[in-house]
Amino acid sequence: MQRLDSQIVIETPEGISLPLTPAGPGVRILAFLIDAIIRYAIVFAVFLVLQFFGDIGSGIGLIAMFLFEWFYPVFFDIFRHGVTPGKKSFNLRVIHDDGTPICFSSSVVRNLLRVADFLPSFYILGVLCMMSNRRFQRLGDLAAGTLVVYDSPSPQFAESRIEGSQPFPAPLNWQQQQAIIQFSERCNTLSEARQQELANLLTPITQDRDQAAVNTLLRVANGILGRQ
Amino acid sequence: MKQETFENRYQHDWQAFEALLEQLEKRQSPSVVQFASHYRRICHYLALAKARTYSPQLQAQLESMVLRGHQQLYNRRTQFLYNSIQFIVLKFPALLRENWRFFWLATALFYLPGLVIFLAIQWDPNIVYTIMNPHQVTEYESMYDPALRHLGRERQSDTDIFMFGFYIWNNVGIAFKTFAGGILFTIGSLFFLLFNGVFFGAFASHIVNVGYQSTFFPFVVGHGAFELTAITIAGAAGIKMGYSLLAPGNLSRLDALKQSTKVAVQLLLGAAFLLVIAAFVEAFWSSSTLLTPTIKYIVGGLFWLVVAGYLTQGGKGYAT
Numbered sequence: 001m002q003r004l005d006s007q008i009v010i011e012t013p014e015g016i017s018l019p020l021t022p023a024g025p026g027v028r029i030l031a032f033l034i035d036a037i038i039r040y041a042i043v044f045a046v047f048l049v050l051q052f053f054g055d056i057g058s059g060i061g062l063i064a065m066f067l068f069e070w071f072y073p074v075f076f077d078i079f080r081h082g083v084t085p086g087k088k089s090f091n092l093r094v095i096h097d098d099g100t101p102i103c104f105s106s107s108v109v110r111n112l113l114r115v116a117d118f119l120p121s122f123y124i125l126g127v128l129c130m131m132s133n134r135r136f137q138r139l140g141d142l143a144a145g146t147l148v149v150y151d152s153p154s155p156q157f158a159e160s161r162i163e164g165s166q167p168f169p170a171p172l173n174w175q176q177q178q179a180i181i182q183f184s185e186r187c188n189t190l191s192e193a194r195q196q197e198l199a200n201l202l203t204p205i206t207q208d209r210d211q212a213a214v215n216t217l218l219r220v221a222n223g224i225l226g227r228q
Numbered sequence: 001m002k003q004e005t006f007e008n009r010y011q012h013d014w015q016a017f018e019a020l021l022e023q024l025e026k027r028q029s030p031s032v033v034q035f036a037s038h039y040r041r042i043c044h045y046l047a048l049a050k051a052r053t054y055s056p057q058l059q060a061q062l063e064s065m066v067l068r069g070h071q072q073l074y075n076r077r078t079q080f081l082y083n084s085i086q087f088i089v090l091k092f093p094a095l096l097r098e099n100w101r102f103f104w105l106a107t108a109l110f111y112l113p114g115l116v117i118f119l120a121i122q123w124d125p126n127i128v129y130t131i132m133n134p135h136q137v138t139e140y141e142s143m144y145d146p147a148l149r150h151l152g153r154e155r156q157s158d159t160d161i162f163m164f165g166f167y168i169w170n171n172v173g174i175a176f177k178t179f180a181g182g183i184l185f186t187i188g189s190l191f192f193l194l195f196n197g198v199f200f201g202a203f204a205s206h207i208v209n210v211g212y213q214s215t216f217f218p219f220v221v222g223h224g225a226f227e228l229t230a231i232t233i234a235g236a237a238g239i240k241m242g243y244s245l246l247a248p249g250n251l252s253r254l255d256a257l258k259q260s261t262k263v264a265v266q267l268l269l270g271a272a273f274l275l276v277i278a279a280f281v282e283a284f285w286s287s288s289t290l291l292t293p294t295i296k297y298i299v300g301g302l303f304w305l306v307v308a309g310y311l312t313q314g315g316k317g318y319a320t
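Going line by line, the protein sequences match chains L and F.
All the letters of the first sequence, read from the start, carry residue numbers 1 to 228 under the UniProt record's numbering.
All the letters of the second sequence, read from the start, carry residue numbers 1 to 320 under the UniProt record's numbering.
Incorrect hints may have been included.
[Claimed, not checked] Residues from chain L that face chain F, not an exhaustive set, calculated with beta carbons under 10 Å:
hint, residue
1, Ser17
2, Leu18
3, Ser58
4, Ala64
5, Ile78
6, Cys103
7, Val109
8, Leu112
9, Val115
10, Leu172
11, Gln175
12, Asn222
It should be emphasised that the hints constitute simulated quantities derived from the structure, not laboratory data.
Please read all numbers here as calculations on a predicted model, not as lab measurements.
Even for Gly, the Cβ is constructed at its ideal location relative to N, Cα and C.
The following block holds chain F by itself, in its conformation from the complex (with noise of 0.2 Å):
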């Protein structure tokens, strides 16, 4: 067949094609009942268009109909809040119970080198200032010094929004850089963990030290549940698809990231969910000078059990 009589035949189920497109990329919802079969016959006419060898620009012009198309049918629409409840209520947990070795390695990094730090410095205090330079260790001492009436960075008490969006913008994105950093070969996450480890543990043993701990230790077991386990599971994701890259196994190295990544940014997307949490009880709960410590150390210990259950319990059975 000659190109003008395949383009004169055709050319009308081309027009009633790129009309369909232009509605669905508008999102207006026409009826699409006929979309994949239609789609599939533009394929044909292209498959046609290129054994016959005809004009590269017919040939462009149904390549340009078929990637559209192509967008289109594989396109993913997913009910986004269904999805979400889904995945904090079963998948999260049931994915980080799989990926339990990363989980537990990366908690390691976290406290041993914090709990080596602390009683290093419980023994010769001055060790702190190995760490921390001293304009930081006043500047940190003053956040809780018992004498003032506030706990946390200098704030008065209606301003938890203020703070809430701080601990926000500054603890998720603390994670998500813990988390970027392990694709160098899992060193970025490595490095986060340690740092923040070590920072921690100096910082709390020189709480102790300076004798402020019935400021500290209250404000920060609250929170603590949530923020210091997100930040172990953000590094955890690192880690995984660090790993891939150092042990690809049967797969390229690019196949094994792609494969690591899929599941590693999900683990961190719950790391994010818990921050959000953190923050919101740091800001509205631990913060209040109203509350005895007693009390704040009981709820504090809840919310350990309730993570700790949340992460062991949660999901069970759920196929992830």
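The shape of chain L in the complex, shown without the other chains (with noise of 0.2 Å):
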């Protein structure tokens, strides 16, 4: 089935298929601004405790501005699963592209080519790369294997608003069914005029108006999860 939204689908060893959302340049590039900042930051800070040590601390900053450099995001890859404070603020995570949480050495090859993602300048190649691959892959993602991904918060259950159940006056295929429920779960986070006017579509049938529709549909859909 040809999808319209950029999700895609990894199975799991225990046969279930895992719905991901890659995430797209836009979002990566805003998150990749964060975290360079909190890096040059930090390496600032660095810099002004250690130039009260002369050379040595200036030694020693060399250091820390190499290891920042190279391996900051690889510390967040290994440590916090693949979540950057800029990866974080926008809900983001690097994993393997078969779902498995990223290792050091994929982290280490996917920070390292960012230098070839770099070229000519400004991520250029990077950029173009991503936007020539489904899921949003830049050069450094290819080669380690590796997506940044949404990810998905556990899902809230929302509260059924309506008492008792009734059958539909049709009989309903599982897509209908489906629908209905959907509509269901739905509800709370439609205005009251869109609900009254999706209900409507069905008066045909089920001869109700406005609330009243939108009341049968809820226990309609009552009926179909079995519930009292």
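Hints are included, so try docking the two chains, each in its own frame, into the full complex.
Below, the structure is given as structure tokens:
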């Protein structure tokens, strides 16, 4: 089935298909900028403190600069499961393209290859590469076999807003049942006018209008789900 | 089974699993003995929910639990220190010998053009100005002027730690760039190897022409064993990575790249290890002005033997 959204599906060894949503260039650039600001702020602070220790301090500062330049994301990939502070602020995470958590060597590859993605300047090659594949992988991601995906928060159950159940006046196939269940689950996120507008589409069958039609559909959904 | 009954019957199991996940994600050490079977049970619920087309929201809830469980079950927790030592002592030299073609190619690309330029400048000293501009030439000359008390970049002897930091930052950075450039169908690595080889050859030749060899060669012979070898290994790793894109064999280009990169990055980490040693030797040994050139030549020669011995004999019989 051709999908309209950018979701991809990976299959686990247990035979379960997991949907993942890769993050596009825009949000990743913003996350990168936040990380860059944090990195430079820390390096600046380190030099500020170490300057009191003369050349020894500067030497240690240079090593710190080296470590921050190359291994700042590696640190978070290993100890924070692929979430740097910049990625956290946009709910992103790095994982292997088979859905498993990122490991040390993959993290080193994807972060060292930033040099190649940077070419000719300002990460033009990396962004072009990201835009030319469905999973938004830059060169470093392709070589390391990693993905940047949205971390989906655990979904919350919407409260059922109505008591009782009733059958639908006509037989429903499973797709139609799904549509009614989805309507009941999304009801809370829609305005009242929109709820009624949608429910009124079924007026020829249910003979109800406006709020009564909405309530009828919610009760039908209760019936399909087995709620009393 | 209606969805509501399903939910009511298994709700407590899901909640227990989520509690377990939260503990694991916080790295507390709960009883993980039953984690795998619990996780498989959750997968089973999800499969049921999908097959029975329960509501998308229930499916999404179970899916997110499975995803989190997957992350925990397939997490690779390794003994970092033990693995690092094993890697340095056994795996890295064995892996390098397995990729000897790339190593010798990189070595040739680095030294041969350097040698050609060296001889050319011996024949006509002015050729050096086609590679370096006059300002650079005088700047580098001043580092090795025997009339000065220090060696290498201008400094006092008590700033060894500063130079150690500088060499780490600068040289390991160059090695990383030499490696990363290889992903562009080997071109980046080839460029860095040729460029550095030519530059080094030109400079060494010029130093001989101006007669500073008594300070220059004793300075470079020690750390050169580690540094020059490491740069060629980084270049070899980059070429290996790029070559897999040029000649992927039976694999797709993407799969070939992934496979070769797994090995290449280990070669690079070995090279980085050699560069840290090089920085240490360069900052604390090569720069010393108390030692006579003879001692430096002897120890430097020993370093070359150590590196050659390590790379040819280390990890013999170790299956990579």
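Violated hints - listed by number, lowest first: 10
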